Amino acid sequence: MEQANKKKLVVIGNGMAGARTVEEILARGGGQQFDITMFGEEPTGNYNRILLSGVLNGSYTEDEIFLNPLAWYEEHNIHLLAGKRASGLLRRAKLVYGEDGVPVPYDKLIIATGSRAFIPPMEGTTMVDGSMKPGVFVFRSLEDCRQIAEWAKGKHSAAVIGGGLLGLEAARGLQNFGLDVHVVHLAGHLMQQQLDAGAGAILRKSMEALGIKVHLQKNTTTILGPEHVLGLRFADGGTLECDMVIISAGIKANWEIAAGCGLTVERGIVVDDQMRCPDDPDIYSVGECAQHRGHMYGLVAPLWEQAKVLADHITGKNTQAAYHGSKVATKLKVMGVEVASMGIVEAQTPEDEVVQFSEPKRGTYKKLIIRDGRLVGGILLGDISKAAYLMQAFDRNTPLPEERLHLLFDIGDPPKQVTFAEMGANVQICNCNGVSKGAIVACVNAGKRNAKAVMDATRAGMGCGSCKSMVTEIVEWACGGETEEDPSVHYYVPGIPLSKPELIRAIQERKLRSVSAVFDLLAGGKEDAASKPGLASLLKTLWKGEYQDEKDARFINERVHANIQKDGTFSVVPQIPGGITSPAQLRRIAFVAEKYHVPMVKLTGGQRIDLLGIRKDDLPKVWHDLDMPSGYAYGKSYRTCKSCVGSDFCRFGLGDSIDLAMKIENEFQGFDSPHKLKLATAGCPRNCSEAMVKDVGAVAVEGGKWEIYIGGAAGSSVRKGDILCYAASHDEVLKYIGRFIQYYREHAKYLERTHGFVTRLGIDKIRAVVVDDSEGIAERLDREIAESKAAYKDPWKDTWLPENDKQFTSLLPILQ
Amino acid sequence: MTLSNMTETKLGRASDIPPGEGRVYQVEGEKIAVFRTRGNEVYAVQAECPHRQGPLADGLLGGSTLICPLHGWKFDLKTGAALFGDCGLKTFPVRVDAGEEIVLGRGE
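Those protein sequences? They're chains A and B, same order as listed.
Residues 1 to 816 in the numbering used here are what the first sequence spells out, letter by letter.
Residues 1001 to 1108 in the numbering used here are what the second sequence spells out, letter by letter.
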């Protein structure tokens, strides 16, 4: 029989740690390796001890808090010795003794005995026979809950000794019995483990508003009453009348069984990184009774981590698994008040940076402690909307954004209503491609361990791109922080393993003038379709007139100089600089629209006229008949520059925005760039042309000056641009805009809009380079712009060239 | 499909398709996109993308990977397999003959 070969695994303790560890062992096929026996002091299966206060206050029934009902043990062939305490351990014989004296043999042993309530020394706690004085309770188990509820009937008042988390929860529970509830606390403020004095004071107010009386700095010396509880006496001589006392003054590890057989015990049972007792390779310990690297943990999250490592190791699934300790962060609700706490609660060195907000009236308190740009501690009280983000930053030790304000508040961004854990699986994350949170998580679980791989596989974030950051966050969350970085995110294009500066250097040194030459010499001849347009754009920027165009490297729009539509037809937008047209031009456009049966003629947002639904074969004829230059409404390039009516007619106009827009168009038309560039000029700060939300905008202000904005956006993202500088003339505007555009062309990732670029580098950096010439490249930038301008050719004029042969033919004839 | 019931059609000169691009031919009412890579390999698949009927011949080609111009769906032209999603392309046998002409095979 296979069973004869199984090893005997005995687990002492059937609480949250013991049962969870067994679950983890079963999940690793441990059911085939081990016959499992569990000692459980309580007569039931494993329940969620965290919810005991909920049972006390009536929000849960006892049945509702069970994690592993008795049937679970049967189902997994676990021999549960329910209601039986393990009383002794004989290591040499490998036997655990139950209190009935019956030995149970083991090959491997796990001690998960947890902890019990710490009862501080107080006179009158017990009766002469050593039993607890009637009316005195601890609050650790379902049985405690039952006894408290029974005693509370018909009583008037209760005191809770201990103003920690458990004590406050017990206090809230007791209120439900109609009792007057007092919390008696030794320290100067409530929950001193998780809160500082400021937060503690606010929490106290919230508690008192709920009718709980809080007594701080009270050292209880005596529990009064000869037969049962009548009150408390304090060290300061004061007294408090009450009918019952709940002691919730901390916990004490149950290590006796380990100490009794010579295992090392300090405050808890000492374990190594594999959760093993250093004295005995066959004995492990986990949970509240275990002490790892001097730390003991009373929260569930560390316990889950310990259980995994233990299970990995004991089953041999991963003998290298190691527990390195946990960073303690917790989010909880104390009597309806939401609290999140992580790490330290007070600054520890003069260099620690403290960011704080306090609004006692509304019960809100926020405090962060930052060291070397990373979060080492935090308290959120009342409003914990930023908790998910902060706890993640704390846990992973990630650098924080410079703008500290955003750490505490959501300002200007739509508030994140739910955490990813709370978010429903069918919530749509990518609205372009209809990808749900569930699909992203499924993709991660199927083995895609970074955002790029998930985006490639699900197409999430591959439409307008505005959800990319959220997709990335969900992937990180779903990976539990263990993402595998895809190195290609640092490349300019995925198919060439070089960053943009490295790529530019290689292209210039080796004089690579065509996309196929780049693939041949920098990628071993391996073409990558997705990399082609980015390379073509960069080569054009670098080589200008010397660039060797290869049509196949271009997206279809740039092959045929028109914008592809959903039915495979194209849209044609002729250039109309400054949005100024004429009757003659309009007549010509009307003539073309009729001649080619253009299904839709539309005014664009860029102050131009769009002819939509033109067949590819008709494009050259349409351009010929229009006899207008290309408006570039199809390219990853300079598109257009809008303008308000400016100073000629408008009574508010301060500067000639139309003339400036025309000059800008003439300067930058057709420039390839990492993404599209949409510009605007405004003749006064009323900003009718929306120049402040353009990639580049110029706004006339009083005093004959122009304010130059960069990095604005009003598409899938909305952002007001940053002021780059002021310029005194049109020429100066052109100079600064040109330098910025060239800098963007040289440094932005492909398909990175200016708002992302400006945010990434920071306006200060860009201003230093472009305005103050901090890198000494301003003159070169000016020269590059001039050369690009000189190399400009209107693409609608060269349609007769031989390289365009059949470029516009949608159906090739068959030779017969 | 066996060779016996396959009909071959000469489409035209390979050089009619610029390297790295695709073009559409209509063969007995059926539109077929034919691609010629820079390595001078040819592939033939259905002309429309199964996603939203995008014109595949206008897509971006790199090796045998094709990206549809409308929404970026990706396919391997050798097998017709979708590189994400599960709706692939119908493929046709195609070759360049000694006379540098494209020959397409189609089953009955």
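Where hints are given, some of them may not hold.
As the list claims (entries may be wrong) - Stretch by stretch, here's where chain A covers chain B in the computed footprint (C-beta under 8 Å, at least three residues): (1) 1049–1057; (2) 1063–1070; (3) 1086–1100.
Unchecked claim - Sample of chain B residues at the chain A side, in silico, Cβ under 8 Å: (4) V1027; (5) N1040; (6) V1103; (7) R1106.
These aren't lab readings, by the way, just hints derived from the structure by calculation.
It should be emphasised that the depicted structure is a prediction, and the values quoted were computed from it without experimental measurement.
From the three backbone atoms N, C-alpha and C, an ideal C-beta is built for every residue, glycine too.
Results for each hint:
1. 1049–1057: That given contact holds, which follows from 4 residues of the stretch 1049–1057 of chain B lying within Cβ reach (below 8 Å) of chain A.
2. 1063–1070: The restraint on the stretch 1063–1070 of chain B holds, since 6 of its residues have a Cβ under 8 Å from chain A and three suffice.
3. 1086–1100: Three-residue rule not met by the stretch 1086–1100 of chain B, so violated; n is 0.
4. V1027: Status holds, d = 7 Å.
5. N1040: violated, 13 Å
6. V1103: This interface hint is violated because 11 Å lies over the 8 Å limit.
7. R1106: Result: violated, 12 Å to nearest chain A Cβ.
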